[in-house]
Amino acid sequence: MSSKKQMLHLIALGLLAASGATAEDTPALGQTIPTEELAGLSTTVYPDGEGLPPGGGTVRQGKVVYEDQCSVCHGENGEGDMSMYIPILAGNGKPDHGFHWSTGYSWPYATSIFEYVRTAMPPFNPKELSTAEIYAVTAYILHMNGFLPEDGEVSQSTLPKVKMPAQDYFSSKWEKEESQH
Amino acid sequence: MTKTTGFVGRRDFLRAGATFLTASSAALPAALAATRASAAPEFPDNMLYPGVEDEAYGRPSPHEAEVARKIFPQNEKSTLTASFTPLHNQKGIITPSGLHFGAHHSGVPDIDPETHELFIHGMTDRPLKFTTRDLMRYPLSGGINFLECGGNSAPQGYYPEAQPMPLQYLHGLVSGSEWIGVPVKLLLQEAGLNPKAKWVIAEGADAGSLARSIPLQKLMDDAIIALYQNGERLRPAQGYPMRLFLPGWEGNTSIKWLRRLEVTDRPAYTREESRHYSETLADGSIEGFSMYMGVKSVITHPSAGQVLPEKGYYQVNGLAWSGFGKISRIEVSDDGGKNWIPADIEGPVLSKSLTRFTLPWRWDGNPVRLQSRAFDEWDNVQPTHETWKSRYFEGSRNHYNAIQTWFIDAQGAISNVF
Numbered sequence: 016m017s018s019k020k021q022m023l024h025l026i027a028l029g030l031l032a033a034s035g036a037t038a039e040d041t042p043a044l045g046q047t048i049p050t051e052e053l054a055g056l057s058t059t060v061y062p063d064g065e066g067l068p069p070g071g072g073t074v075r076q077g078k079v080v081y082e083d084q085c086s087v088c089h090g091e092n093g094e095g096d097m098s099m100y101i102p103i104l105a106g107n108g109k110p111d112h113g114f115h116w117s118t119g120y121s122w123p124y125a126t127s128i129f130e131y132v133r134t135a136m137p138p139f140n141p142k143e144l145s146t147a148e149i150y151a152v153t154a155y156i157l158h159m160n161g162f163l164p165e166d167g168e169v170s171q172s173t174l175p176k177v178k179m180p181a182q183d184y185f186s187s188k189w190e191k192e193e194s195q196h
Numbered sequence: 015m016t017k018t019t020g021f022v023g024r025r026d027f028l029r030a031g032a033t034f035l036t037a038s039s040a041a042l043p044a045a046l047a048a049t050r051a052s053a054a055p056e057f058p059d060n061m062l063y064p065g066v067e068d069e070a071y072g073r074p075s076p077h078e079a080e081v082a083r084k085i086f087p088q089n090e091k092s093t094l095t096a097s098f099t100p101l102h103n104q105k106g107i108i109t110p111s112g113l114h115f116g117a118h119h120s121g122v123p124d125i126d127p128e129t130h131e132l133f134i135h136g137m138t139d140r141p142l143k144f145t146t147r148d149l150m151r152y153p154l155s156g157g158i159n160f161l162e163c164g165g166n167s168a169p170q171g172y173y174p175e176a177q178p179m180p181l182q183y184l185h186g187l188v189s190g191s192e193w194i195g196v197p198v199k200l201l202l203q204e205a206g207l208n209p210k211a212k213w214v215i216a217e218g219a220d221a222g223s224l225a226r227s228i229p230l231q232k233l234m235d236d237a238i239i240a241l242y243q244n245g246e247r248l249r250p251a252q253g254y255p256m257r258l259f260l261p262g263w264e265g266n267t268s269i270k271w272l273r274r275l276e277v278t279d280r281p282a283y284t285r286e287e288s289r290h291y292s293e294t295l296a297d298g299s300i301e302g303f304s305m306y307m308g309v310k311s312v313i314t315h316p317s318a319g320q321v322l323p324e325k326g327y328y329q330v331n332g333l334a335w336s337g338f339g340k341i342s343r344i345e346v347s348d349d350g351g352k353n354w355i356p357a358d359i360e361g362p363v364l365s366k367s368l369t370r371f372t373l374p375w376r377w378d379g380n381p382v383r384l385q386s387r388a389f390d391e392w393d394n395v396q397p398t399h400e401t402w403k404s405r406y407f408e409g410s411r412n413h414y415n416a417i418q419t420w421f422i423d424a425q426g427a428i429s430n431v432f
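Line by line, the protein sequences are chains B and C. For the first sequence, the numbering used here begins at 16 and goes up steadily by one. For the second sequence, the numbering used here begins at 15 and goes up steadily by one.
These aren't lab readings, by the way, just hints derived from the structure by calculation. None of the values given here were measured: they were computed from a predicted structure.
Calculated pairs, BS3-like style, for lysine-lysine (alpha carbon to alpha carbon, straight line, at most 25 angstroms):
1) K188(B) with K210(C)
2) K178(B) with K78(B)
3) K188(B) with K109(B)
4) K191(B) with K340(C)
5) K403(C) with K109(B)
A short, non-exhaustive set of chain B residues, derived as facing chain C with CB atoms under 10 angstroms:
6) T41
7) T47
8) S57
9) G66
10) I101
11) P110
12) H115
13) S121
14) Y124
15) I128
16) Y131
17) Y184
18) F185
19) S186
Cβ atoms here follow ideal geometry from the backbone N, Cα and C, with glycine treated the same way.
Construct the entire structure; sequences and hints are all you get.
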C-alpha cells in the first residue's frame, strides 16, 4: 500500500506544479458560453438532487410507462436478462453472485436512476421521455425493489431523500486512497 | 545446479544456438546443390511483372485478413458492443488503430468536427467552449500508453471454471497507442478553477451521453484531450473528433466523443460508476471509483488458441503494463510457478505503457503450465488467481489482473487454466 501512497504524493506535487504554471503559452481560444446555451447544457444529477428538474411522478403512472416502454427488455418485474446484457433493475437484497446485482441494491443513489433514464433509456430511442415520465418510471423502479409503496411518488425534492440500501455498503476506492495523504 | 525449467539460460542458449548453426551449415551444401542442379533460375511472378500502384491510404496485406478484432455484437435489446484486440498477432507495444479494442455502450456516433464543441463549465470563473479547430492550435503533448477496459479479462473473474477461450477473448480489451492531445489542465486554467473544485463530470456526445466523475487531481496531472492516435486523427470508434485520455486509468473513464467537462466539488455517481464499473469485495460490499488498472502481464505467444507444432525452440512473447507507472521486472515460469526466470524486456519501458518481454524457451514435449508475472516500479506485483479471487466476491468481474496460466498438453494444444 505504501507504494500507492508515494504515487499519490507525486500526483499532489504534480497538482502544485500545474497550478503554478500559467495558461500563457496557449492561444486562449475559449469562447464564453452564452447564458441561454448554458441553461440546457447539463443533464448531470447529483446525489443531493442538484440537477433535478422541477416535477414528479407516481408509482402508478410509472407502471404505465414501464409496461409500455421498458418491460419488453427489462422484464415484467425488472428481472432483466443477463444473456442479452440487460441489467436486473429490481431485486430483493444482495445477490449470491457478484454478477447478479440489481440496480436497486447496488446503486447508492436514486438520483442516478433519474439521470441515466433521462439520457440513455430506452437504448434505441433515448432522450424521448418527458420529465414527468422519467420521475414516474424512476418511482416504479424503486417500487419494484420495495423502496416505495404502490401509492408512492417521487419529486424533485423527495427523490434525493430515498435511502438506497447500497449507501450502507458502497465505498469509493479513490476516496479511501486519497484520504491517505 | 540441475536444470529445472525449459528456459534457455544465457550461456545455455548460446551453446544451443551454436548447435543450430552447426546443424544448419551441415545441411547447407545439400540445399545449395539442389538449387544449382536446376537449369535456369525460376522467378516467382512478382519478380517478373510490375506490381499494382500503391493506395492513398494503405491497408494490411490481403494475406493477413485473419488478423482482426473479434466483435461482440449489439443484439435487438442491447446497444452494448465490445471489440477485442488480436493480441496474439501483435508484436510490439503499439496496437494498430484499426485493431484497438473498443467497448461502446451506445454504438459509434458519426460526429462532424466542424460542429462539435467542447464545453467547460460549472465551478469555473468563466464557462468556455472550444471548437475542434481551436483545440488543434493548443500546445499538444502525450505519449505511448496502454488503455484497458475495467472489464478486461472478465471471464477469469466471473466464471468459477477457466473458460476454453482464446487469448483474444480473455484479455483483448487492452491495447497500446501513442495518444497526443491538449493537456486538460491548460483548458481548465483558461476557464479558471473555483478553489473548491474537486471533481469534473466528463460526458460524451454518444446516444447514451456516457458520463463519469473524474477527480480533478488526475485532470491537472497527465490527462489530455486526445486528438491524435498513432500519428493520425482519432478513429470514430476511439472518440473522433476528441476524447478524454487518462493514462493508466480504467478505460471507461477516458470518455470518447468528449462534449462536456462540468467542474464540481463532488462525484455524480453516474450509472457507469454505480454498478457497472464497480467491484463486489469478498465481504459483499461494493467498491467503486477504482480508477487505476493494476499491474498485469500476459504471454501472447504461446497462448490459448494456438498450438505448438512440435517440441523444441520457441520464443516466449508477452506484454506487461501497470496503471501506476513503469514495469520493473517480468518473470516467466514453465512449471506452474515453482521457478521464475527473469524475462528480457524488449524495447522502451514507458510509464503506463505496454511493455514487451521475451524469453527463449525449449519445450520438451511434456505438459507444462506457462505463466508470466509482472512487477512495477512501486513494487506492485501481479497476484495469483487464488489471491485475486480471495479479495472479491464470487462473480465480481472487473479489474482482473491475476497471473494467467496457459496449459500446454503433450500434443502442443494450449488452453486457459486456473
